[in-house]
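Chemist: Residue-level listing of the chains:
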Amino acid sequence: MSIFLKLTMALLKTVEPTTEEKKYKKIFYNIMGFIAVFGIMLPMAFFVGVIIYALTSQLLSMGSGTNAVKIFLHLVSVFSFIFGINVIFSVFYFSGDIENLLPLPLKPYQIIGSKFTAALISESIMEFIVIIAAFAGYIIASGAPFYSWIIALFGMITLPIVPLIYCGILCMLIMLVTRFIKNKDTVNKITGLLTFIAIIGIAVMVSNSGGFDTEHLVSALADPQNAILSTMDFIFPQIHFLVDSTVNNTFINMLFYLGVNIFAIALFMLIAHLVYFRTVVEISGASGQTSRKSFSAIVGKMKQRRPAMTYLQKEFRLLFRTPAYFTNCILINLIWPVFLYIVYLLQGKTNFLDSFIYDIHNGNEETVLFFLLGISAVSVLITAANCISSSALTREGKHFAFMKYIPMSYMAQINVKAAVSIIVSGVGMLIYVIAAAVYLNLGIKITLFCCLLSLCSVAFVSYFGIFMDSVNPKLVWDDELNALRGNYNIFFNMALAILLEGATCAGAYLLFRFTDLGALIIIIMLFLFIMLLTAFSYLLCSYKATKNIDELTF
Amino acid sequence: MIKFENVTKTYNKKVRAVDDISFNVKGGEIVGFIGPNGSGKTTTMKLLTGIIKADVGKITVNKFNVRRDPINAKESIGYIADSPDMFLRLKGSEFLDLIGDIYRVPTKKRRERIGSMCERFGLTEALSSPIMSYSHGMRQKIMVAAALMHNPPVWILDEPMIGLDPKSAYELKQMMCEHAKAGNAVFFSTHVLEVAEKLCDRVIIIKKGHILYDGTLEKLETQNKNESLEKIFLELTEK
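Order-wise, the sequence lines are chains A and B.
Everything in the first sequence is counted per the numbering used here, starting at 1 for the first residue and increasing by one.
Everything in the second sequence is counted per the numbering used here, starting at 1001 for the first residue and increasing by one.
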């Protein structure tokens, strides 16, 4: 095997999830995997396929059949770029392996190529399913021949190359400019903020493009002069060639597609060759900030506090000071208003939000029930997505033993870790809930009830996430981003929490539709049920997670 | 102070890291734990501190059963782990304060002990910087200071001299002697036989989870016709 392949395989190992040897844990993981694949991934892929199928069918009659799949693949590329920024920065500049690789007799292209390939594979697995679903929707709708599937499969594997190369080039240019900043963490936090700004930029772009109701979307896509599509074709030119070769099976377009990818790789390797090693050496020598204070000033600040309080402060300090955690666990909570804004814009001419607000003001029972179900569901989603609880034990990494040898019970430590998740997710949620309540003029009693329902939902997922992480925490990672990447616990926790919450909301709505129980009774039942789920997840932690921690051998 | 009775620990039902071993460490004793790599030293230390659970056997620290009364047992221990790379994003002072709170060290005592240890180890200047910016030796020193801050009756130190400069190593050895003199127990693992020779009242030699020798160095040397400890160790462990 060539050195390039061996190095790529070795680098991929560092992002591999941990394997479990105990039989009951293996069964648990298999069940979770089954739920995740059949409960979330495949339905999501099916949903994407159906949308592309429907849009393509409509567009075919208007003579622009390829536009739906094109715009979707552009969208996938944009998301690859956004989520790839942090990954590429981490892989190229902040991973612990660079200091071990530099002294080895490896050629620069072997290190750069292996690192890029490992990042491409580990980042694109989820994307593959969505891309192939989009192609499937298109091929079925257009009735393209069999060999279109082969081209689609090839596209599925190669599509994320160009967006990740953009990330790589951007990353190297930023490192070149900021190489004088001696604190790695500052640079790393800058990239987190850049990602955030990119997301806001997309939201602004969407807001400037007018309403997005279905009718408008179809007519916009059918327009051969579509400005967004033209711009995106310029940014990601390879997509046009790939889609065209899938449709018309033109060999020349496939060659163009390959040409764009090879050119992008060559350009990336050239820039990396000129810039990467020069900047990475300087960055490797950079250390955290140091400060000098008098000894009396330092110890003067020391004061005995309760162990739980100081442990809580430690958790917060690590979350805020570690760039990978700051971006993925803290900053992500600020993204939700942007998504809500996009939803607001997507309503277009239908104005479903306006009619929703009107119904709330008039006390429409069904709308009020929907509003409360929405609060609970968003609370669950926010808490699961920031992964503070589902990575609570994983984040301890190599010093997990600390949890076990200090004189503090496991449950006390779990409570503190859950409190961190409840505070971060809860404060975020309360701001949104109170803002919505003020906007909708809900009154103090209902606002308080909304806050309680939200906090209860947050607490449920916080304890549940810690239990999920305790089953098999990923304790071996070489940089903090790897603690979160490829971590099944985070994904499974999100999948289960969404399924449980989805079932709860569906049950509540069905009760409303098909029984004589009024909305008020159902809302009270919903609140009691969420409280029950919270108590259940607390007990799971108390009896099972503590036992899991106790039995962990590493 | 430390009682290890017929303890066995197996990893993955295959590797018997510690195989039915027993030993005691009395108050006032410094006991060195020596053995080749992979002999079971760190596993024994982890069993003593409650980090891992024994399959069979009973472990008592300061009269507290490690399984049945873990919090009291852990409060009695000052433990230095084999790796000092811990909480690198905290400042030295923040880490010491965290440990002080967890072990409930009163404010006045905490300030006194941190002051004295920082002076001995030359840590004063570094306290306001993140541990990440420390050298390996400095990290080891802050771990030593944190582990001993609450003045526990039992010290369990896994390779404590690694990375320490000569002055700090000397200070730590002095502290170990002072601690034992005050009637406390010191149990430490080492690969440096000279350290064991100079410091220990007793040594325990372990290989593949079995204790090969438990006794004083004088007795060991007499038994082996006054050969050097290095030679005796090699003969014992390479059999």
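The reader is advised that the hints may include incorrect statements.
[Unchecked claim] Quick list of in silico lysine to aspartate or glutamate cross-link-like pairs, EDC-like style, CA-CA up to 16 Å:
| # | chain 1 | residue 1 | chain 2 | residue 2 |
| --- | --- | --- | --- | --- |
| 1 | B | Lys1053 | A | Glu551 |
| 2 | A | Lys293 | B | Asp1082 |
| 3 | B | Lys1013 | A | Asp97 |
| 4 | B | Lys1053 | A | Asp97 |
| 5 | B | Lys1003 | B | Asp1214 |
| 6 | B | Lys1207 | B | Glu1178 |
| 7 | A | Lys398 | B | Asp1082 |
| 8 | A | Lys398 | A | Asp478 |
| 9 | A | Lys6 | A | Asp97 |
| 10 | B | Lys1198 | B | Glu1238 |
| 11 | A | Lys547 | B | Asp1055 |
| 12 | A | Lys301 | B | Asp1055 |
Because the hints were derived from the structure by calculation, they are not lab data.
Chemist: A separate judgement is required for each hint: does it hold in the structure or not?
Modeler: Each hint, compared with the structure:
no.	hint	result
1	B:Lys1053 x A:Glu551	holds (7 Å)
2	A:Lys293 x B:Asp1082	violated (30 Å)
3	B:Lys1013 x A:Asp97	violated (33 Å)
4	B:Lys1053 x A:Asp97	violated (33 Å)
5	B:Lys1003 x B:Asp1214	holds (14 Å)
6	B:Lys1207 x B:Glu1178	violated (30 Å)
7	A:Lys398 x B:Asp1082	holds (11 Å)
8	A:Lys398 x A:Asp478	holds (9 Å)
9	A:Lys6 x A:Asp97	holds (15 Å)
10	B:Lys1198 x B:Glu1238	violated (24 Å)
11	A:Lys547 x B:Asp1055	holds (15 Å)
12	A:Lys301 x B:Asp1055	violated (45 Å)
Consistency with the previously given hints fails for numbers 2, 3, 4, 6, 10 and 12, ordered from lowest to highest.
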